[in-house]
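Colleague: Next come the chains, spelled out residue by residue.
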Amino acid sequence: MSYGIDTHGGHGTDLAQVEGDPFADPGLPHHTPRRTDIDARAANRAERQVAGLFGLSTILTIGFIVAFVSIDKEDTMYVVGLGTINSLNFALGVTLGGSLLCIGFGAIHWARKLMNAEEIVDYRHPMKSSPEDTADALELAKQGVADSALPRRKLIWTSLIGAMALFPLAPVIALRDLGPLPHKKLRGTLWDKPEHREIVHANDERRLKPSDFALGTMISAKPNDLESLEDLAKAAIVLIKINPQEIRSKELADRGYRGILAYSKICPHAGCPLGLYEDETHHMLCPCHQSTFDLADFGRVVFGPSARNLPTLAITVDDEGFLVAKGGFDEPVGPTFFERGDA
Amino acid sequence: MSTPETPAAPPSPAAKAGAGVATYLDERLGTNAAGKKNLRKVFPEHWSFMLGEIALYSFIILLATGVYLTLFFKPSAQEVTYDGVYAPLRGAHMSEAYASTLDISFEVRGGLLMRQIHHWSALIFVAAIFIHLFRIFFTGAFRKPRELNWLIGNGLLTMALIEGFAGYTIPDDLLSGTGLRIAEAVILSIPVVGTYVQFFLFGGEFPGDDIIPRLFIIHVLLLPGIMLALITVHLMLVVVQKHTQFPGPGRTNENVVGFPLMPVYMAKAGGFFFIVFGVCALLGGIAQINPIWLFGPYYPDQISAGSQPDFYIGFLEGSLRAMPNWETNLFGHSISWNVLVPGLILPGIMMTLLAVYPFIEAWVTGDKREHHLLDRPRDVPVRTAFGAMSIAFYLLLFINGGNDIIGLTFDISINNVTRFTQVALIVVPPIVFVITKRACLGLQRADLNRVLHGKETGIIKRLPNGEFIEVHAPISAEERFSLMQRNTYAPLAAGPATDEEGVPTPGHKVAKVRAKLSKFWYADDMPKPTPEEYAELTAGHGHGDDHGTDVEGHGH
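Protein chains in written order, with the numbering used here: chain A, 49 to 391; chain B, 90 to 645.
If we strip away everything but chain B, and leave its shape as in the complex, we get (with noise of 0.2 Å):
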């Protein structure tokens, strides 16, 4: 990016050598019309617009601290015996790849840091992928025109998981070792095939020689490369599509309010990249992560109680302990469905889910326009209901993942965590579902109130006859403009089954499909109110002072 265009006034040292530099690079790249485009860029401002900022620059400290380890690390099978510094291993067997991971824990100072920061970046950068997610997902703001860049950010998700996996498998100690070996067992399970990739991805049978290595540089170059290449993609697209803002009073559509890149947010999101990194390196120093001396090297005969996986894992583990242990055999074949279906096909389906569902909702309500201001979750009731229930049904396998922790904790037997969970499962979501809806309809009808009949004082009055009521205030047009931003659907209709002449209309079925789809999302919502109602209900009471004390009832 180039620097400002020269001031009138005297140009000063750093302006003149700003110029220069800018005059450098313009004449060969033309990047000054790309200033002019960019440098008074306009980014609308929000808390929740930075949670997609945290991954990026988590995404930046893990590639700057991933590199530092890369320099220590040794990516190789190949059985060497301790003879560090960490005296309880010292005369142990164990692979190179977790000496090393020893040797960068205790011999490399700073070394230990660099791991813990990457460990604890890894973490954030994974959960900051969720959270901005909902946020996406809840606003609204993957409808057209950002259907590909959501799509892009699903395949940011899936890398990004495989990712943390791979990271946390090649120090190859006893925890991650056990967390392979299920990846291997997952594996094996897919028909026809499964066998055949285990062999080829681990080089024979498990565990081999060559699994480190190869997950070594699907860790550090063939994922981040293709990460790295879609989050600018990703990026770019916010560029040209412009950020996405809330409603608000002079926030339409069609423009976008808020500070320009620079300085403003030159200043912001890059001080926001360094509290992110100062809050992982902090976090490196006083909070310790993935201690892998503690967990010995792996032996696959091995196991230590209590394992646990890295947070973002913990719904696999989850779902394979919830499982039944349902297996088919025919003509000399098995299909394991207790490891199939928790540990490929659910999260397959979930993540297929995730992927199109703006295609479904854009199907749903025949909406072609672009959307550019954000929707209050409780606006689109059935899309949050969906996002809950996901949600719901998530964490539920995550906290299945803990099932033995829970049933340690609370001294509970872990058979009885299992099986809650497994009816959990199928019951706790549908009525998720359920309460989000009714939570966003009330918060709409107390929205339609506020427009119609204004807010409460806290003032009750008593009127002549002994009555009393409540006094209601108007609010201000900024507010109710802000509120009427909605977008309302009627529920699109089927249309007729024949046309005039009996013929069958082609496409009826899937036509009524959509009607019935389109009345379970819309039908309940409450209708926004029409300047000539909104007219008529105010206009009974005046203005002034009595303005708002209607007594008919704003019921709740």
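Chain A on its own, in the form it takes in the complex (with noise of 0.2 Å):
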């Protein structure tokens, strides 16, 4: 703070000062009176500078209150620079922002200029403890361990070391029923049950037909009777339609349907949904870490972090020309996990 300031004088009385030492400590330098110290006027002015602010509060904080019961909780007002918002939210904030301020200001306006500025000096002793102390403290606690009888019995000590040790486990057991085992859950999806094999459409549910589909469409879909999130998290796919022959293999294309797709929409990186389709290059973005997948091509990763090129689901028309799956995902979809390995 005094940090290159050039300060004249000095007392420096509490320090030693080395004879000719061009560098010893100058001592601190001598406090210079406020305005406020030396005139009264301006000393009676600050006061009311400060008590001006504790009232300007005052009435904030009335105005909150009547703001808060006179304002309906519905309307908005138009504000320069912040658009059209809502009007109790904006008055409540800027009362109780303003009578807040006011206080602080006060306070700190009062500090400032009325309070003593003189500036004390305290005395730093080492954290350390003295010799003495230290040498109290070894003698009390060799004649506690002595009072403990510990050294002479061994037995008592092993065994706490033991009853510790173990004690801990009770409520580390008692945390086993937060969830069930693994097993292979993450492994599967819905669409292994030929019960849910319909391919209904993410938001109004109805079944997906390949009419619905024009070239470069992409429609959310999932399978029908969903019963809960955890089933969506892990089921939920997107279907496209690309032209035939842009799609690279005859392998590919015969798990479609006449050029539509079905793939996992769920992100084999970090389990974000997929949301931003290309038709053109046909990649699919995930929005959230940018891996990218070629749809054309099995999914495969084109950018980005993820590992694993994107599932597909092979799909066909029932008898009524309905979409439907063929069956599950060949591989476990969403984020990879320590049991996942290659399959």
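Incorrect hints may have been included.
[Stated by the list, open to error] Covered by chain A, according to a simulated footprint, are these stretches of chain B (three or more residues, beta-carbon under 8 Å): (1) 188 to 198; (2) 284 to 291; (3) 294 to 304; (4) 356 to 362.
Simulated from the structure, these hints should not be mistaken for lab results.
Ideal Cβ placement from N, Cα and C applies to all residues, glycine included.
Take the two lone chains and join them into the complex the hints point to.
Modeller: Right under this line is the structure:
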């Protein structure tokens, strides 16, 4: 704070000053009185300013109460620079913020203008205890150890360590029912079950037909009769229609139906739902970490942190002409887990 | 805390009442002795000492507004159909947590204000912790005897990040649910136990009904409780060890110069609390934050583009985006480095390095003294350069966390932003290190010049022989003293490899490493002139007008 400031004079009586040492401590600079210290009118003005701020705070708090009871919570208003905003929230925030700020500014103004501004000095003592205290404490500790009879009764010590080491097992084991064991749950999806193979629209749950698709269409879908978000978190798919000639392999085309391909919607990197599909390149982008998958080429990763291709779901149409899954995914969907392996 | 001792003059009614309370408390708690010790406790003054205060005050604001929010928030994943006043979502299926957050925002008068104050002060809380940490780091305030408080501060930072993430998640909006899904992937990536940890934490598969109430209790009780306890210890240690101060005339390692707690710091710190609160309240009134009604309820198959977490999670988002897509599959098991490294290992390394830095520096210095005088960053170039380098690394991750926003704003390909970051993360920090260290050494040299040759006056003098010289004026004794307060260390020597009888010295290899590090740390530092050197340099030019008009190059 007083760094590099030219302050002249200085008493420095409390600090040793080496005779002739140009780097000696010149001691604390003299205190320079403030205007409010020497001019009574300035001091009185400062007092009025502080009181004015505290008074303004009181008024604003009353304003808060008035706003709270008088403004309808659904009213909106236009404020320059903020646009159309909720009137009540704006009024409450401004009055509360203003009243708090006035208290703060008042208190600090008071401290800076009217409180004694002379710095005072306190002395530090080493954190370390004095040798006497250390010796006394050691003596007491020794006495304590001797009184405990431990040095002669090792069995107590050994058994106590064992007991103390083991007892935390009880609360840890009590946490067992926090959740079920994973078993193979992460490996399958609802599509594995024959009664959940109908492909329905993600939003309105109507069954999808090939005629719902034009070239370039992307539709999010899920299996029929979904019961839980856990199932949705794995079974969500996207369906796209690509010109069959642009599908890179016959094998992939065979998994689809006349250019309609189904992919998992869950990014194999961190589980975000995929959302940004570029029709021209057939690239699907994950908005979370930008893994990019080529949907014309088995969901191959073309960019980004995903280590895995996007899993495909083999589809066909049923007797009534609606799209259905042929079976489940060939591999687990979603983020990699330790037991996953290459399968 | 008790009230002051009764004055000798006829006591006012207030003083009498104060004395009465003080006596009542003292007879039961012995508070007068504590008051004697602490009422006039001296705190040094510097703007940077307020940064930690901001963190403390925003924590108090968080507790207050947080308690208010719990009165209305329902931490439940139970599905409900919304029929509140916010028309666009009427009829939508959502969790009770999300519905009650909508109610707080639209139906509880002042609820939106409290939510927004809570969110703003959370951002300010974490930001203030970061800036406070920088102050502590760059001024060396972590040195003995304050290493333990440094560790407590580190713990508080880590918990603040988790606490913030939990609070951001429990409203169960689309944005926060997406963040939770990524957190789930990070947990799943932990080798061996990851899948089990995920099932236990979520009570089964993602998302499940358990995670919202569990995160809620972590957010409102477990973490705030631990943090409150740690903050108390953090502050008690400041009181016990007394605050550090910058060197200056009359300010030494053995004293503390400043203003007393009562009344100056009661007014200043108390006032500052109200200012921080006031700013948060104003922000809550005029600056919309986390408008969860625009994001919609969370469904695991929905997403919006441009999803961004709160700023303090941005560096993790950036590291996930920057990591190459590495994964290892062996014996039917997988390790997804692409999630594990950026999500856990890298932040783990960053936090560990931060925590152990004071101990590394103390070891390299071999300095066992107590330090109560702060360093100026320039006076410890390697530390400052490490700090700047780490900040550069962090900022690169942070910026990459918004690579989509950057790509969109500046019309460049996201892929290129990411590739740039991948290279920059390796190349930029060392460059920042070198530049910072050089800048520090340059500033040290400028300080040395000031001490030995005085300050520039801006006066150019022409000598009778036609030569131009720049007149320098001596600096004050106060400034000279301040500039000479810095620590200088001679690089440690490793000592001989063997003793006189040829027996290898134990620990010699370690000593050699330490000597090398010590050299790296301190060999380039400008030496401090001795009084004799100073006298010699200044004596030649006499005193008075001509002082400091030396022409032998005060090179720049």
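Colleague: Take the segment 188 to 198 of chain B, compare each residue's beta carbon with every beta carbon of chain A, and decide whether three or more fall closer than 8 Å.
Modeller: Check passed, 3 qualifying residues.
Colleague: Between the segment 356 to 362 of chain B and chain A, are there enough contacts, at least three residues with CB-CB distance under 8 Å, for the coverage claim to hold?
Modeller: The restraint on the segment 356 to 362 of chain B holds, since 6 of its residues have a Cβ under 8 Å from chain A and three suffice.
Colleague: State whether the coverage of the segment 294 to 304 of chain B by chain A holds or is violated, taking the criterion as 3 or more residues with Cβ-Cβ distances under 8 Å.
Modeller: Check passed, 5 qualifying residues.
Colleague: Are there three or more residues in the segment 284 to 291 of chain B whose C-beta lies within less than 8 Å of some C-beta in chain A?
Modeller: Held - the segment 284 to 291 of chain B has 7 residues with a Cβ nearer than 8 Å to chain A, which meets the minimum of three.
Of the numbered hints stated above, none is contradicted by the structure.
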